[in-house]
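Each protein sequence line maps, in turn, to chains W and X.
For the first sequence, our numbering gives the first residue as 1, with consecutive numbering after it.
For the second sequence, our numbering gives the first residue as 1, with consecutive numbering after it.
In short, the hints are calculated from the structure, not lab data.
Here the structure is a predicted model, which means the values were calculated and not measured.
You may find that some hints are simply not true.
DSS-like cross-link-like pairs, simulated, lysine-lysine; straight-line CA separation at most 30 Å [said to hold, decoys possible]: (1) X:Lys297 x W:Lys277; (2) W:Lys179 x W:Lys89; (3) X:Lys254 x W:Lys263; (4) X:Lys297 x W:Lys263; (5) X:Lys66 x X:Lys174; (6) W:Lys66 x W:Lys89; (7) X:Lys297 x X:Lys263; (8) W:Lys66 x W:Lys277; (9) W:Lys263 x W:Lys174.
Protein chains: 2
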Amino acid sequence: MRIYLDCFPCFVRQALDAARFATDDEEVHTTVVQSVLRLAARTDTHNPPPVIGQQVHRLIRQITGKEDPYREQKRRSNELALRLYSEMKQDVDEAPNPLEAAVRLAIAGNILDFGVNSSLEFCHAENVIGAALNEEFDSSELSAFVSVINQARDILYLGDNAGEIVFDRLLIEKLPREKVTFVVKGSPVINDATMEDAEIAGLTDLVDVITNGSDGPGTILETCSPQFRERFGRADLIIAKGQANYESLSSVNKPIFFILKAKCPVIARDLDCEIGKMILRRNKYLGTRFIAREKEKADAKL
Amino acid sequence: MRIYLDCFPCFVRQALDAARFATDDEEVHTTVVQSVLRLAARTDTHNPPPVIGQQVHRLIRQITGKEDPYREQKRRSNELALRLYSEMKQDVDEAPNPLEAAVRLAIAGNILDFGVNSSLEFCHAENVIGAALNEEFDSSELSAFVSVINQARDILYLGDNAGEIVFDRLLIEKLPREKVTFVVKGSPVINDATMEDAEIAGLTDLVDVITNGSDGPGTILETCSPQFRERFGRADLIIAKGQANYESLSSVNKPIFFILKAKCPVIARDLDCEIGKMILRRNKYLGTRFIAREKEKADAKL
Numbered sequence: 001m002r003i004y005l006d007c008f009p010c011f012v013r014q015a016l017d018a019a020r021f022a023t024d025d026e027e028v029h030t031t032v033v034q035s036v037l038r039l040a041a042r043t044d045t046h047n048p049p050p051v052i053g054q055q056v057h058r059l060i061r062q063i064t065g066k067e068d069p070y071r072e073q074k075r076r077s078n079e080l081a082l083r084l085y086s087e088m089k090q091d092v093d094e095a096p097n098p099l100e101a102a103v104r105l106a107i108a109g110n111i112l113d114f115g116v117n118s119s120l121e122f123c124h125a126e127n128v129i130g131a132a133l134n135e136e137f138d139s140s141e142l143s144a145f146v147s148v149i150n151q152a153r154d155i156l157y158l159g160d161n162a163g164e165i166v167f168d169r170l171l172i173e174k175l176p177r178e179k180v181t182f183v184v185k186g187s188p189v190i191n192d193a194t195m196e197d198a199e200i201a202g203l204t205d206l207v208d209v210i211t212n213g214s215d216g217p218g219t220i221l222e223t224c225s226p227q228f229r230e231r232f233g234r235a236d237l238i239i240a241k242g243q244a245n246y247e248s249l250s251s252v253n254k255p256i257f258f259i260l261k262a263k264c265p266v267i268a269r270d271l272d273c274e275i276g277k278m279i280l281r282r283n284k285y286l287g288t289r290f291i292a293r294e295k296e297k298a299d300a301k302l
Numbered sequence: 001m002r003i004y005l006d007c008f009p010c011f012v013r014q015a016l017d018a019a020r021f022a023t024d025d026e027e028v029h030t031t032v033v034q035s036v037l038r039l040a041a042r043t044d045t046h047n048p049p050p051v052i053g054q055q056v057h058r059l060i061r062q063i064t065g066k067e068d069p070y071r072e073q074k075r076r077s078n079e080l081a082l083r084l085y086s087e088m089k090q091d092v093d094e095a096p097n098p099l100e101a102a103v104r105l106a107i108a109g110n111i112l113d114f115g116v117n118s119s120l121e122f123c124h125a126e127n128v129i130g131a132a133l134n135e136e137f138d139s140s141e142l143s144a145f146v147s148v149i150n151q152a153r154d155i156l157y158l159g160d161n162a163g164e165i166v167f168d169r170l171l172i173e174k175l176p177r178e179k180v181t182f183v184v185k186g187s188p189v190i191n192d193a194t195m196e197d198a199e200i201a202g203l204t205d206l207v208d209v210i211t212n213g214s215d216g217p218g219t220i221l222e223t224c225s226p227q228f229r230e231r232f233g234r235a236d237l238i239i240a241k242g243q244a245n246y247e248s249l250s251s252v253n254k255p256i257f258f259i260l261k262a263k264c265p266v267i268a269r270d271l272d273c274e275i276g277k278m279i280l281r282r283n284k285y286l287g288t289r290f291i292a293r294e295k296e297k298a299d300a301k302l
């Protein structure tokens with residue numbers, strides 16, 4: 001998905017937030033905002049939003065001298081998510097369709113956007129979880145999701161934010177774990193999960209966890225390590241979590257399932273859905289392949 | 001009030017909105033956004049926000065070739081406000097305190113921000129009006145407002161947006177009209193009211209209406225005409241309507257009453273109030289003078 005012009009006010013807002021997380025020095029905040037405005041002015045709008053996100057957050061690290069401005073937010077997010085984990089696990093196990101409940105909770109984790117929403121409280125998180133379990137959800141993709149997971153041999157689960165990955169753990173626990181490799185960022189960017197967060201979330205004890213070698217949000221393949229790109233090419237199913245992964249991979253020709261909440265009008269427009277919708281959706285490539293395979297099966301039965 | 005860094009995302013958002021009002025050409029939208037990003041990057045943050053607003057909207061007019069991108073929105077705002085007028089006038093006349101009701105409705109007009117909110121509907125406007133008439137409102141300033149109006153000989157009422165000025169008319173009808181001069185912009189900027197709007201709103205039949213000779217939002221005195229500056233200097237009471245007038249005049253050493261809704265966190269912080277509060281407030285200059293005069297009166301009674 002390419003950058004929409006509506007993304008620019010958000011880049012500036014996010015840069016200011018990051019600068020404030022990094023330091024209390026208002027002169028540094030001003031330098032960050034002015035530098036990001038200049039950077040944004042010369043951005044190629046044919047790129048997906050995470051490409052400029054990567055440049056913006058490199059610039060912020062360089063100006064503030066802080067390698068990981070969101071470190072404290074990530075720590076708090078992980079902590080809060082882990083406090084919620086046991087109860088959520090019970091919700092999943094007791095649900096009529098545990099896989100659907102786990103998908104719903106993985107989306108709840110994306111809704112919360114831990115760490116960015118710095119005033120996030122336990123009771124608010126509980127409300128969001130309750131709503132995600134009961135909210136209307138187009139689960140028509142669920143049977144396709146189950147089917148491609150069963151057929152896949154090698155599944156890459158691309159993580160999103162710290163804290164949120166505790167919610168992903170609930171879903172991964174319902175998948176055939178031996179097939180799943182979980183992916184985190186190569187180094188800190190915004191509040192995205194890194195290897196440290198995967199360890200805290202308990203994911204490293206559950207499945208293989210690798211890094212994508214990149215400091216960009218989402219999965220900007222050109223800036224990922226050669227090892228990761230090779231691994232990505234080999235996987236026969238990608239589960240891509242969150243908005244930035246959708247933004248960076250929506251046009252990539254691989255079998256991908258996207259799981260996210262359409263939090264902003266730009267994403268909602270691109271997904272052709274209402275703002276706020278919980279989304280489980282296969283990409284076009286997978287859609288075409290899935291339909292062809294279903295047809296094959298039907299033909300074989302004749 | 002100086003620019004806060006939080007204003008920058010809004011400038012970019014507003015520039016994009018204006019570009020879209022002006023033309024459907026997406027290449028022009030891109031040029032506008034990129035030019036405004038560059039302009040914003042070199043802005044002196046010691047200026048009040050309307051100063052950059054003025055530069056931004058000059059740039060937009062220059063790039064799009066449209067002298068008045070909000071023309072159609074302003075027309076619709078005036079039309080909608082005039083449809084609401086009779087009922088509101090009745091509300092004012094039947095209120096226990098008609099002046100307070102008129103102030104509340106003048107603020108309702110500011111809440112609606114006609115023309116910017118392009119999807120504004122009649123029933124939504126009616127809801128806002130009902131809420132403004134009943135919402136909690138710190139009316140402690142009201143007696144001071146009445147007192148300075150009675151003492152003033154020459155009142156300048158600085159208007160804000162098209163449509164909104166129909167709501168101002170309700171308040172002006174409760175003021176000693178012979179003292180009041182209403183002020184509109186010298187030429188179009190955003191959806192701010194110009195002489196044409198004052199005529200449509202029926203203000204020109206009610207009081208003297210003059211222009212400030214400027215194409216800036218609010219009242220940036222340095223860019224107003226010498227005639228207006230002289231007039232401003234002569235007035236012994238200024239009633240300044242809306243956020244941009246507050247932003248541009250909050251530090252000016254003249255007797256000013258501000259009337260607005262604190263719509264954004266930056267303004268709310270500067271006013272030291274919650275977001276969304278309805279504000280009737282004298283400035284510091286007037287506050288000091290008012291207290292001194294009350295003391296004089298009290299001393300005279302002794």
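How the hints compare with the structure:
Pair hint Lys297 of chain X plus Lys277 of chain W does not hold up; C-alpha atoms about 64 Å apart against a cutoff of 30 Å. Note on Lys179 of chain W and Lys89 of chain W: the hinted pairing holds, with a Cα-Cα distance of about 21 Å set against a maximum of 30 Å. Under the criterion of a C-alpha separation no larger than 30 Å, the hint pairing Lys254 of chain X with Lys263 of chain W is inconsistent with the structure, at around 46 Å. Taking the CA atoms of Lys297 of chain X and Lys263 of chain W, the gap is about 59 Å. The hint is violated against a cut of 30 Å.
With a C-alpha separation of about 38 Å, the suggested pair Lys66 of chain X and Lys174 of chain X falls outside the 30 Å cut-off, and the hint is violated. Restraint check for Lys66 of chain W and Lys89 of chain W: the C-alpha separation of about 36 Å exceeds 30 Å, so the hint is violated. Distance check on the hinted pair: Lys297 of chain X and Lys263 of chain X sit about 37 Å apart at the alpha-carbon level, beyond 30 Å; violated. Under the criterion of a C-alpha separation no larger than 30 Å, the hint pairing Lys66 of chain W with Lys277 of chain W is inconsistent with the structure, at around 35 Å.
Taking the CA atoms of Lys263 of chain W and Lys174 of chain W, the gap is about 26 Å. The hint holds against a cut of 30 Å.
In summary, the numbered hints that this structure violates are 1, 3, 4, 5, 6, 7 and 8.
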